[in-house]
Amino acid sequence: MEKIINSANLKELFKNSGDIVKRPFNVGHAGITVHLFGVDGLMNTLMLDKTILYPLTSDENLKKLKTEREVMDYLLEGGAFHAFAIEEIDYEKTLRYILSGMAALVFDQEQKALIFDVRTFDKRSVSEPSDEGVMKGAKDSFIEVMRTNTVLIRRRVRSEYLVIEQLNAGKHSKTDIALVYLSNVAEMDTVNRIRDTINNMDIDNISTPAFIEEYLIDNRKSIFPQIMYTQRPDRVSANLTDGRVAVVVDGIPFVYILPCQLPMLMQSPEDYANHYFISSSLRIIRYIALILTLFLPAFYIAATTYQNQMLPVEIALSIQQAKQNVPFSSASEVLGLLIAFEILIEAGLRLPKTVGTAMSILGGLVVGQSAVEAKIVSPTVVVIVALAGIAGFILPNQDLSSGIRVTRFVMAVLAAVAGFFGLTAGLILLITHLCSLDNYGVAYMSPFVDVETSNHKDTLFRFPIKYFTKRSKKIAPENRIKQK
Amino acid sequence: MKIKLMIKVTTAYRFLFLFILTMILCGCTHDMSRREIDEINLIRVLGIDYDGNEYTLSALFNASGGSDPEGGAPEEEVTKGKGKTPYEAYENLKSKATKSISLGHTGYFLIGDGAAENGINLCLDFLSRDETIKMDALFFITKDTPASDFIEQGIENKQKIHEDLEAIRQKQEEMITRNDNTLVNLTNEMKQTYSSILIPYLIPEESSFLTPGYAVFDQYKLKDYLDEDTSTGINFIKNIIRNYPIYINDQVGLLISYSDTKLKTKLKDNNIEIIIQVDFESMIKEVNTEENIFNSEQLELLTQEQNKYLRNILDLAISYSKATGLDVFQIARMIEKQNIVQWQDFKSSFAESISDIKYKYVFHSKITKSFILGYDWNGNLLVKNERFVK
Numbered sequence: 000m001e002k003i004i005n006s007a008n009l010k011e012l013f014k015n016s017g018d019i020v021k022r023p024f025n026v027g028h029a030g031i032t033v034h035l036f037g038v039d040g041l042m043n044t045l046m047l048d049k050t051i052l053y054p055l056t057s058d059e060n061l062k063k064l065k066t067e068r069e070v071m072d073y074l075l076e077g078g079a080f081h082a083f084a085i086e087e088i089d090y091e092k093t094l095r096y097i098l099s100g101m102a103a104l105v106f107d108q109e110q111k112a113l114i115f116d117v118r119t120f121d122k123r124s125v126s127e128p129s130d131e132g133v134m135k136g137a138k139d140s141f142i143e144v145m146r147t148n149t150v151l152i153r154r155r156v157r158s159e160y161l162v163i164e165q166l167n168a169g170k171h172s173k174t175d176i177a178l179v180y181l182s183n184v185a186e187m188d189t190v191n192r193i194r195d196t197i198n199n200m201d202i203d204n205i206s207t208p209a210f211i212e213e214y215l216i217d218n219r220k221s222i223f224p225q226i227m228y229t230q231r232p233d234r235v236s237a238n239l240t241d242g243r244v245a246v247v248v249d250g251i252p253f254v255y256i257l258p259c260q261l262p263m264l265m266q267s268p269e270d271y272a273n274h275y276f277i278s279s280s281l282r283i284i285r286y287i288a289l290i291l292t293l294f295l296p297a298f299y300i301a302a303t304t305y306q307n308q309m310l311p312v313e314i315a316l317s318i319q320q321a322k323q324n325v326p327f328s329s330a331s332e333v334l335g336l337l338i339a340f341e342i343l344i345e346a347g348l349r350l351p352k353t354v355g356t357a358m359s360i361l362g363g364l365v366v367g368q369s370a371v372e373a374k375i376v377s378p379t380v381v382v383i384v385a386l387a388g389i390a391g392f393i394l395p396n397q398d399l400s401s402g403i404r405v406t407r408f409v410m411a412v413l414a415a416v417a418g419f420f421g422l423t424a425g426l427i428l429l430i431t432h433l434c435s436l437d438n439y440g441v442a443y444m445s446p447f448v449d450v451e452t453s454n455h456k457d458t459l460f461r462f463p464i465k466y467f468t469k470r471s472k473k474i475a476p477e478n479r480i481k482q483k
Numbered sequence: 000m001k002i003k004l005m006i007k008v009t010t011a012y013r014f015l016f017l018f019i020l021t022m023i024l025c026g027c028t029h030d031m032s033r034r035e036i037d038e039i040n041l042i043r044v045l046g047i048d049y050d051g052n053e054y055t056l057s058a059l060f061n062a063s064g065g066s067d068p069e070g071g072a073p074e075e076e077v078t079k080g081k082g083k084t085p086y087e088a089y090e091n092l093k094s095k096a097t098k099s100i101s102l103g104h105t106g107y108f109l110i111g112d113g114a115a116e117n118g119i120n121l122c123l124d125f126l127s128r129d130e131t132i133k134m135d136a137l138f139f140i141t142k143d144t145p146a147s148d149f150i151e152q153g154i155e156n157k158q159k160i161h162e163d164l165e166a167i168r169q170k171q172e173e174m175i176t177r178n179d180n181t182l183v184n185l186t187n188e189m190k191q192t193y194s195s196i197l198i199p200y201l202i203p204e205e206s207s208f209l210t211p212g213y214a215v216f217d218q219y220k221l222k223d224y225l226d227e228d229t230s231t232g233i234n235f236i237k238n239i240i241r242n243y244p245i246y247i248n249d250q251v252g253l254l255i256s257y258s259d260t261k262l263k264t265k266l267k268d269n270n271i272e273i274i275i276q277v278d279f280e281s282m283i284k285e286v287n288t289e290e291n292i293f294n295s296e297q298l299e300l301l302t303q304e305q306n307k308y309l310r311n312i313l314d315l316a317i318s319y320s321k322a323t324g325l326d327v328f329q330i331a332r333m334i335e336k337q338n339i340v341q342w343q344d345f346k347s348s349f350a351e352s353i354s355d356i357k358y359k360y361v362f363h364s365k366i367t368k369s370f371i372l373g374y375d376w377n378g379n380l381l382v383k384n385e386r387f388v389k
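Residue numbers (numbering that gives the first Met the number 0), protein chains in the order written: chain A, 0 to 483; chain B, 0 to 389.
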């Protein structure tokens, strides 16, 4: 079938689709027939009737027109009472507009279509972010509709330099993607790379986040997140003004931010709502929690199996006492309990909330306590694993938390095999891996590995805002001055 | 094509690296003697004795492997090992113990005077070669008693020996700024050719222990036990005093709260002169007299008295050093540092010159803060929180 815009082609294409509206209209007295195409349910029919169909059929001026071209021009110049109206000559684009919920008036002789945006569909209202809630700060969050999300960003960044590029990906899903950046701040090489990546994505469907994330990141083999996501428009706007690029995907209720570095994942929106001293203290606690969740189980295994002299004598004796009559080795206890902990988390995610609470009580308290009383595990191991688990939940980014959870197992196994030597080897490998990651030309461990001191003001400590005078050289090389 | 090949090679190298790493780690496991913590008896206190050409090691550990979670007191047990050398005795001890034993948590080593007389170096040698040993473990000499008897007597008296020793450590830290009787310090001192090793000695006192002073070693062998005042004099010269009480004529109690000793050495014509400058401050802690001591004349008098008191203490230590010819203050290092050129010619005759060293004293002292509340002996109202500075 030749890819020409005409009603016959479109009717043939959609002949088996029951939800596609295919309706002819006679316009005027010159025998001009216009065909309306659209998806039932995605169009606001009231708006369609009032703003397009009513003028089309009842406007006296239209009746006098003799050619399709004259009708098109008349409609475009105000005959149809609709703000978003374009003339389209591309067959593929026309199809995409129709399938995304717009109304297309097809003119067979002209082989063109007029597109009207009359989209409407059920959507969630803008509500409080479920994962990034703050006591002090904005309470709105992104939803599954791309346009609503770009509006939330535009509301916060009213700069004339804010660019929202409309892209499209997915051979079948034809998902709308918006590339958002500040043209006078962002590094254009990064923008171009992200745009090219999205345009070159050869994928059927973008149904879940991983479908786009894995294309956008540089090192797919790493389990550490190299793309930041957020539900919060204020966070996106802050990163845009820093020179980063946001990617808004239709159907995904959060926005991606690139380039992403590890310290970003350790920051919480609350950090910028509190006094800098309090924020810095909380951030330090977060880093301590990161170390605890990663190394505490491994440290316990190494200390109780190999180098027990590392422990203070009273703690060593206390562990000895707690471990009396427990049949398993420390490594088996810790690894077993870590697996049990993961099972509990997975079960908690799958179950309805009401059952989930009961399951937590049953799993955590009843089974845990019974296991200790039955001398299957020692109480110290329960404390260690629980502490490591809770510390993991302190991390603001769930992807980072998941990566750390997997790494925790690796560290525990290394400690079980070779004690502190294994733990040290694991630590060296981990640091080497993290330092080798590169994200759109910016080191993943930046600014920890940066020589530039101005970048260090928002890492381990959150300096007062007045010190945030410069943007990172790597992220915004052309426009570095933030404030004086 | 080339890139694909390179990726394959890199991946192969990565797997090879991981394989080698795993092998190395597994190989290390054997040498690192993997032992679960509950399969080890942690020795809390180790006694070393020597009698009849045989060493006896007495290991004190908690019988139940730790404190009782129900709150009951853990029992302490002693296991002994014998051998011709300390290490042989340790191996014998290992074979007799019900579980593996570890010196990794041993905080205190008690050396019986027999073993001390035979040579402290023999005891320290095997201990310092144990890779798990705590470098800050403390050493004590048990005066006139074998260490094993000392431990057994403590158990009979229902003492918690390691807790009593911990209390002694804390008391030491209240009086002096550092404990010089740690393993790391003693092994370091053994390397000093001219220095005499000093280790505090213990004596039993009802249901606890006391450390009156230092046991002095000459060439690694026990020579003497010093009394409390002489030991304090050494501490002043070594500049490790934190607090020290002074009682003047049974009337005024003072507490030295700050002390700083500087030694200046002069080496000329094979004569050594040492100037000991002691700067110290004390607080009035007790007044048992009807006289008003809170006036400038009385304070001046008290200051002179405290200087005199300190001079007497230092004299005791110096007299001992001169009489025995032992470098108990470890001044050889200081002379060497302050007189590098002359020391090269002098060092061979240093040992013989110790008795001829001339000492001079310089005291800078003051009586500072004192809180005087209420009325003096004559019924006069005293000013609160008065500060006296000479």
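These aren't lab readings, by the way, just hints derived from the structure by calculation. Cβ atoms here follow ideal geometry from the backbone N, Cα and C, with glycine treated the same way. One or more hints might be untrue.
Simulated restraints on C-beta separations [what the hints assert, rightly or not]: (1) B:178 with A:331: 38 to 46 Å; (2) A:287 with B:11: 52 to 60 Å; (3) A:347 with B:11: 34 to 42 Å.
Cross-check of the supplied hints:
no.	hint	in the structure
1	B:178 with A:331: 38 to 46 Å	41 Å, holds
2	A:287 with B:11: 52 to 60 Å	39 Å, violated
3	A:347 with B:11: 34 to 42 Å	41 Å, holds
When held up to the earlier numbered hints, the structure conflicts with hint 2 and nothing else.
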